[in-house]
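K.L.:
What follows is each chain in one-letter form.
Number of protein chains: 4
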Amino acid sequence: MDKSSPLSLFFSAKVRTPLWLATTAALFAATAAAQPLAGAHAELLQLVDKDAPHWQQVSRQIWDFAELGYHETKSSDLLQEQLKAAGFKVQAGVANEPTAFIAGYGEGEPVVAILGEFDALPGLSQQTVPTRDPIRAGAPGHGCGHNLLGAGAALAAVALKQYMDAHHIAGTLRYYGTPAEEGGSGKVYMVRDGAFRDVDVVLHWHPDDSNAVSNGGELAVVSAKFTFHGVAAHAAMAPERGRSALDAAMLMGNGVEFMREHVPSNTRIHYIISKGGVAPNVVPDLAQIDLMARSPFNTTLKDVWEWIQNIAKGATLMTGTTLDVSGIGSDANIVPNDPLATAAQKNLQEVGGYKMNADQQKFALELQKTFKMDNVPSLDTTNQVEPLRKFDPNQPAASTDVGDVSWNVPTIGFLTATFVPGSAAHTWQATAAAGMSIGQQGMVVAAKAIALTGLDLLTDPSLVQAAKDDFKKQTAGRSYYTAIPADQSPPLNYRSE
Amino acid sequence: MDKSSPLSLFFSAKVRTPLWLATTAALFAATAAAQPLAGAHAELLQLVDKDAPHWQQVSRQIWDFAELGYHETKSSDLLQEQLKAAGFKVQAGVANEPTAFIAGYGEGEPVVAILGEFDALPGLSQQTVPTRDPIRAGAPGHGCGHNLLGAGAALAAVALKQYMDAHHIAGTLRYYGTPAEEGGSGKVYMVRDGAFRDVDVVLHWHPDDSNAVSNGGELAVVSAKFTFHGVAAHAAMAPERGRSALDAAMLMGNGVEFMREHVPSNTRIHYIISKGGVAPNVVPDLAQIDLMARSPFNTTLKDVWEWIQNIAKGATLMTGTTLDVSGIGSDANIVPNDPLATAAQKNLQEVGGYKMNADQQKFALELQKTFKMDNVPSLDTTNQVEPLRKFDPNQPAASTDVGDVSWNVPTIGFLTATFVPGSAAHTWQATAAAGMSIGQQGMVVAAKAIALTGLDLLTDPSLVQAAKDDFKKQTAGRSYYTAIPADQSPPLNYRSE
Amino acid sequence: MDKSSPLSLFFSAKVRTPLWLATTAALFAATAAAQPLAGAHAELLQLVDKDAPHWQQVSRQIWDFAELGYHETKSSDLLQEQLKAAGFKVQAGVANEPTAFIAGYGEGEPVVAILGEFDALPGLSQQTVPTRDPIRAGAPGHGCGHNLLGAGAALAAVALKQYMDAHHIAGTLRYYGTPAEEGGSGKVYMVRDGAFRDVDVVLHWHPDDSNAVSNGGELAVVSAKFTFHGVAAHAAMAPERGRSALDAAMLMGNGVEFMREHVPSNTRIHYIISKGGVAPNVVPDLAQIDLMARSPFNTTLKDVWEWIQNIAKGATLMTGTTLDVSGIGSDANIVPNDPLATAAQKNLQEVGGYKMNADQQKFALELQKTFKMDNVPSLDTTNQVEPLRKFDPNQPAASTDVGDVSWNVPTIGFLTATFVPGSAAHTWQATAAAGMSIGQQGMVVAAKAIALTGLDLLTDPSLVQAAKDDFKKQTAGRSYYTAIPADQSPPLNYRSE
Amino acid sequence: MDKSSPLSLFFSAKVRTPLWLATTAALFAATAAAQPLAGAHAELLQLVDKDAPHWQQVSRQIWDFAELGYHETKSSDLLQEQLKAAGFKVQAGVANEPTAFIAGYGEGEPVVAILGEFDALPGLSQQTVPTRDPIRAGAPGHGCGHNLLGAGAALAAVALKQYMDAHHIAGTLRYYGTPAEEGGSGKVYMVRDGAFRDVDVVLHWHPDDSNAVSNGGELAVVSAKFTFHGVAAHAAMAPERGRSALDAAMLMGNGVEFMREHVPSNTRIHYIISKGGVAPNVVPDLAQIDLMARSPFNTTLKDVWEWIQNIAKGATLMTGTTLDVSGIGSDANIVPNDPLATAAQKNLQEVGGYKMNADQQKFALELQKTFKMDNVPSLDTTNQVEPLRKFDPNQPAASTDVGDVSWNVPTIGFLTATFVPGSAAHTWQATAAAGMSIGQQGMVVAAKAIALTGLDLLTDPSLVQAAKDDFKKQTAGRSYYTAIPADQSPPLNYRSE
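Chains as they are written, first to last, in my numbering: chain L, 839 to 1335; chain R, 839 to 1335; chain Z, 839 to 1335; chain G, 839 to 1335.
One chain only, chain L, in its complex shape:
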């Protein structure tokens, strides 16, 4: 047993079956009763409903914790405890990330994994009221609803486990506690460490303001800090003795601007000058550009990223300065999976949305007044399910480290209406909804859709096979790329640097 690997509990070097399950595996193997689908779904949905109040409360506790990436200690511990209590076996500290964990149940194939996140965002602290009112000004808040994400995924896992138990369903179910999605690329290190290497299908969801299947998409992103080092000099007395790091940063910026015309249309490159000199009468010996580059296509981004590195090097040549590139983050785009999307869409439609009650409506209408939108969406949105969308690289999109998982395992996701329709993520409006009943109701929709799809996968080998075939097709001729250097450890303090 390799003590150095936190995954040793789960994986032996040679066999695919996690070691810790080996002794008990015989108890359940291959005894799944063939319950008719409709009845199975109904029973599973009841299991979700039964446990929903408990996990809604868990979601609220995590909302109260509001911990930033890689420091989600209390949130991670709470989820681990609850999953242990529900009968899962937990391996903590995966991939050198103290708050990453894997909770597993069952044995054998298929291995179905559900992703859970729980990190908050800086500065988005907010009461559960429809006007801007932070609990503590400047403090973190769950403006992306990851409190719901982690708890809802766990609710799905627990309900599914109960059903597996009851019906002796074979196969392995896992919950992946994945830290630091927001800029910390937590899952990338887990992928690198092999945490997903025996998984057959990954299910995930994300809070949103409508109900939909999310089949591929998002933007691949790479980010880093480009720090230039020059030579300080008195800018009035002897500017000729100085070598300006700020000049380098500005010329790098210029270079990036000139590059824009010559990259594919939907590429995004955006940056700030995070350090631009200390005093105007000193030639700056230190300057820094904090930059992100994105593309709907991971492979395109690889080329773009290499070009940007060359621009930075060019800037050093132009200015007699030196460069270091640090804090590299990287999320891949999400690979679509059409058979999984079809199955997911069917299940989401079966679950349906939810109708807001009078109090929720009052809250929502009040909150919508704070939007600066021409056409505020109807509150009925929460009660509808969008038709399955075709992947469109031109749609505005954000980024997530779920992408990196999806380049390694067939992956499908859901979006559910946890935010008041019209809300954008990363806003106080999202924080507010994520802490109260609207968010919690949307979370249950997600848990149900995940549980149903998980059950389909556990009981229908052809669906798993179709997912794998499509994965091969979608990734044919392309290979997974992450800009994160092989020797870079998870940036545990990226939020405080």
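No lab work stands behind these hints: they were computed from the structure. We put the beta carbon where it would ideally sit given N, CA and C, even for glycine. Please note that the accuracy of each hint is not assured.
[Unchecked claim] Calculated cross-link-like contacts (lysine-lysine; reagent style DSSO-like; alpha-carbon spacing at most 27 angstroms): (1) G:K1210 x R:K1140; (2) L:K1063 x R:K1063; (3) Z:K1151 x Z:K1140; (4) R:K1228 x G:K1228; (5) G:K1151 x L:K1063; (6) R:K1151 x Z:K1151; (7) R:K1140 x Z:K1151; (8) G:K1151 x L:K1140.
[Unchecked claim] To give an idea of the interface, some chain L residues facing chain R are shown, with a C-beta separation under 8 angstroms as derived from the structure: (9) A1073; (10) M1088; (11) G1115; (12) A1117; (13) D1128.
With chain L held as given, fit chains R, Z and G onto it using these hints.
P.N.:
Frame of chain L, contents of chains R, Z and G only:
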């Protein structure tokens, strides 16, 4: 009588004689005894020597206070008290600057003014030891030796007053307590407020690492913060909705770089990006350039400054942003005065420098080890007086608000060796020397040279006249310019903004 | 009759019916025999086939003329003569363009117009051989196949006129001879002059390498020369006296690069520095940027264009230079029309493509060897018709002044395979095919599709109405925009400037 | 004997005495009569006056030829013939420059060389009239007066030779016919080829608008064409496939602008964009910057030039383009020589200037009206000699390949008033004066001053020694630098490229 003016004590609207002296003027008027020059100088030098220990102690107290610009309350109070005790009448709070003051003695013409400064510099706290060792890390320190400057000027004033007293010399002697020379342009507001309007000649000095007359020179400087305001937007989702303030700052920078070829050779323009965006995934709606422009010629600088304003405006046009320019500082270059320089040189040579004792030498040699210089100057430098230098606009130079005084009144200055030879101003090495006997001895050299020159002016009307004639010649066809807007108040909190 | 208008022959100030038809109108009015559609189409196609050889010869003559924009005198004259000979009445010199003309036949509504172009491109002279071999090096050539365009459109018009004649079809048929499509915006001035004001539907086509209906699309474009004027000076002796026009051009370029991030994704802005100084030892007093901006949306382009003007102004402010903007060209994007597209698709499919004979295949295969392509398309392409494509703003596209017509009249177009599959327009390969049987066969396909669609429009008022209704829908809330100043005359010498 | 060297006629591999003189040397060796200085000077001046009309006519012929650099065939031939006729032995085609030659007379040490130039400037054709009136518009003209330079230097050489002859003065006298001073760096290749390796002192002069000794100065200059190569692409259809050479040129320009702050104040860098793209709808695959860099100090320029190369390389990295640097020109600054300057000043004062006659004055006053100057200098200037100026690196200056000679041999020069006072070089006004009596009279002043100084050198070994000693001092610790690559041949067609 204009009640709004803090100068009302000194000036009536119509008469040139300060009111507060009117009652006592008759006592001394026009009774100056015609003592032969050599004897007069000797006697005056003795008076300086007598009071030197007291004012050296004052300089040390101010060194201990180490107060930043416009907040030199204790330093200013101490100087005021001591000058009052010596028989000067003091008017405090001049030109809306709480720590500015004028201490006056005597009556009638000529009016000879001596300038005193007393502000410290941020971050230069240092023990009086020859290795880097702050009293309090990050705290202010007298790295430009203004503790010596203010005290030494007062020593000159007090000795001269005693001599005037003893010999019934007519004329008016003033000490100007001038705050915030370091970036606060304190004297500019005093000039604007008319504080120098009846002065015939101004004498000043500055700590340095050698003994010399300073006849004109230094660079005119203008500085300001250019703040651009744009429209924030999610940089990945909707960059087309953003208008980037950082783009404006960068284009302003580019514009300035392209400008460099087309301004006179010794123009200096240097800047930092003091605010360059907050997060790379948001189009920055705020960015700031903190910029200084300098020239040996005030008039050239005016054109340069107008051009820079146009560049900033051009950057807003290019980016759909808006601009505000704030925190404008401005120092003029120093107008030379050749007759005064000749007189000053003669006196400085009469005073001579000073020879370091064994302890001072040990300290100095130790401290020189911290210089990164190829040719460290000899310690004998402190005992020498440099020949009168011709003004050379190509010499490296700094800036001072003494320049603004010099565009309005004939002005001459001294540099004396208060720092260990080879020291640069604005360093911990300068702070160290300014707090111990080396600085204090150099200070006495300055006080003596000022006192002698003051006496020459008080007793030789032809010198005053020659100074005035030369002033007219030097400024013919050019007019005083300050970039500080007429309605801008002294930026009392510029150090904390 | 307003003598100043070249359109006076066609339009009276008050009535919609062209005056020149008024006397003969009674002969045909409203006597159209209701021939069954299938028979009608078959007969009309025969009429096209009958006259095809003649017009193929005309196309070859224009190919031999190879005249540049606004100087297509021989080409225009030839087409006018032939149309007159076929019974059309011709008005020449429309819209102050000497080579523009309108050929009309028939009377009353609907007014159906067919567009014909005939300008060549500089430098694309080429023999009808499959390897690069200019007739005259550097001379113009029909690299966009407009010789086919103009002749094919006339073939359609003449055949349709014969059918109208034979069957007493009411309505007005027009052929618009439109010069200088390649960068001269010839149609924009015709639109401005009202030449299309009574037209109900416009039909057009363009040579291509496959057969398809072209429903909307292309990029709106604006182009202009930005000329900066500065002050020359010896760059070594007195650069401070110079004001660099080149600096202005470079800063305008920089400004444009910074702008790219903040315009919609499919905007295109591209430029050259057409004048960048004469000698490196002189500060340039003249510099010029020749710039084009494009967008799938005319309205977006308007905003972009205004921004670019501001960037140019900003560059003058930054450099103390002045600016003039000249040679403004402007083409709008093409407004789609779905009912027309459906009708056009049906007809194109009815016509079908054509199969190359052995000689053509030999030529084509030889020519395809000169392509640097990974996947050269099959020669069967000429025999296929593409399914109706949905408008996609993200598709690569070029620009045409047909766009300006389409913002004023419902418009539909065809592309037919006149070039060897895989050819790009504006190449010698295109010139070669346009001068021989491949191009001429593709031209007949276009003529037939136009003729059939024209007949549909002349005989089916509901199709005309549907086209008009859809036009209203497609342009609702948006208005036609051209960047060409109202007082700018057609730039008759734009090719020689 | 190395047959490959055009200098073989002059130099053996081992002995310093030119071979061609070896046979006749004995005739004159060491028999110089010791004529008293005053008489010697008077006699020599008469010799100059005697031959002046002839050489003035030669100067006019060369003015008529007006040949550009490296193509001065007729001018060079004429001078060679005349010098041969006067008894000089001529070696043509020196240093692979067809129009370079060395004319020699005498034997042994010292070797005194006089420089002659004869190239014209493009576009400066002008009649000898005081208003702009070209002989042939656009044709070359002697706007720098090199027709006078070459003829005047020959006049000095011939007169001195006659004096040497008459008085049996030992030593070697040479005339160097040096082509392509204007941008062709003709002398640099001659220096490189060893043409000056046995010379003791070099004398030269240059037409100007006043009479003065020129002791050092001028700016070292390096120039080159930076050509960037990218990848063309349709700028609207596929800009992402293009790599823009223009972007590289613009970023190189930006880099140079940012560099300006960090080079010594009197550095000059100036450039044009000589190729900036062909059509705005094509991503430019070719762009070119034509750049010159200058400094009063050759050594500074070396660093600057290396930096500029790095900027160009940085621009390629930033844009994915490639670079070639071609057409490198390089002139060094002129090393001062104080003993020679003192001797030269004495002689120039002895010669004095000349007073314009009435016709010349009329012409001059008329021509001065075309100046745009505030203070036009007096016509008396031609009759005055300026006091010896101290070298001032801050004075505006131009560049010359005399500099390269001066880094290898002690060198001194004269400026004489050949142009109407107030004229700038490289103007039609200079061309006009260089073709008529004003220029021709100034030329004789130069010839006399050179002849006298040459005689001093030939007869006073201590002056030669002092010149050599000072040369060592002035160049101590610095070494000659040329940016011209060792394998670059003279760019014989640089004017037509």
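K.L.:
Is the shortest C-beta separation between A1117 (chain L) and chain R less than 8 angstroms?
P.N.:
With Cβ-Cβ at 7 angstroms, under 8 angstroms, it holds.
K.L.:
Between K1151 (chain R) and K1151 (chain Z), is the straight-line Cα distance small enough, at 27 angstroms or below?
P.N.:
holds (10 angstroms)
K.L.:
Does K1140 (chain R) lie within 27 angstroms of K1210 (chain G) when you go C-alpha to C-alpha?
P.N.:
This hinted pair holds, its Cα atoms lying about 25 angstroms apart.
K.L.:
Decide if the proposed pair is consistent with the structure: K1063 (chain L) and K1063 (chain R), CA atoms, cutoff 27 angstroms inclusive.
P.N.:
holds (26 angstroms)
K.L.:
What's the verdict on K1228 (chain R) and K1228 (chain G), does the C-alpha distance respect the 27 angstroms limit or exceed it?
P.N.:
Holds - the C-alpha atoms of K1228 (chain G) and K1228 (chain R) are around 15 angstroms apart, at most 27 angstroms.
K.L.:
Let's test the interface hint: is any C-beta of chain R closer than 8 angstroms to that of M1088 (chain L)?
P.N.:
Interface hint status for M1088 (chain L): holds (5 angstroms vs cutoff 8 angstroms).
K.L.:
Given the proposed pairing of K1151 (chain G) with K1063 (chain L), does the C-alpha separation stay at or below 27 angstroms?
P.N.:
holds (23 angstroms)
K.L.:
Given a cut of 8 angstroms on the nearest C-beta pair, is the interface hint for A1073 (chain L) held or broken against chain R?
P.N.:
Holds, because the Cβ-Cβ distance from A1073 (chain L) to chain R comes to roughly 3 angstroms (cut-off 8 angstroms).
K.L.:
For the pair we were handed, K1151 (chain G) and K1140 (chain L), check the Cα-Cα distance against 27 angstroms.
P.N.:
holds (23 angstroms)
K.L.:
Does G1115 (chain L) pass the interface hint, meaning its C-beta sits closer than 8 angstroms to a C-beta of chain R?
P.N.:
holds (3 angstroms)
K.L.:
Just to be careful, I want the Cα atoms of K1151 (chain Z) and K1140 (chain Z) compared with a cutoff of 27 angstroms; is the pair within it?
P.N.:
Holds, at about 17 angstroms.
K.L.:
When you check the alpha-carbon spacing of K1140 (chain R) and K1151 (chain Z), does it fall within 27 angstroms?
P.N.:
At roughly 23 angstroms apart (the allowed maximum being 27 angstroms), K1151 (chain Z) and K1140 (chain R) satisfy the hint.
When held up to the earlier numbered hints, the structure conflicts with none and fits them all.
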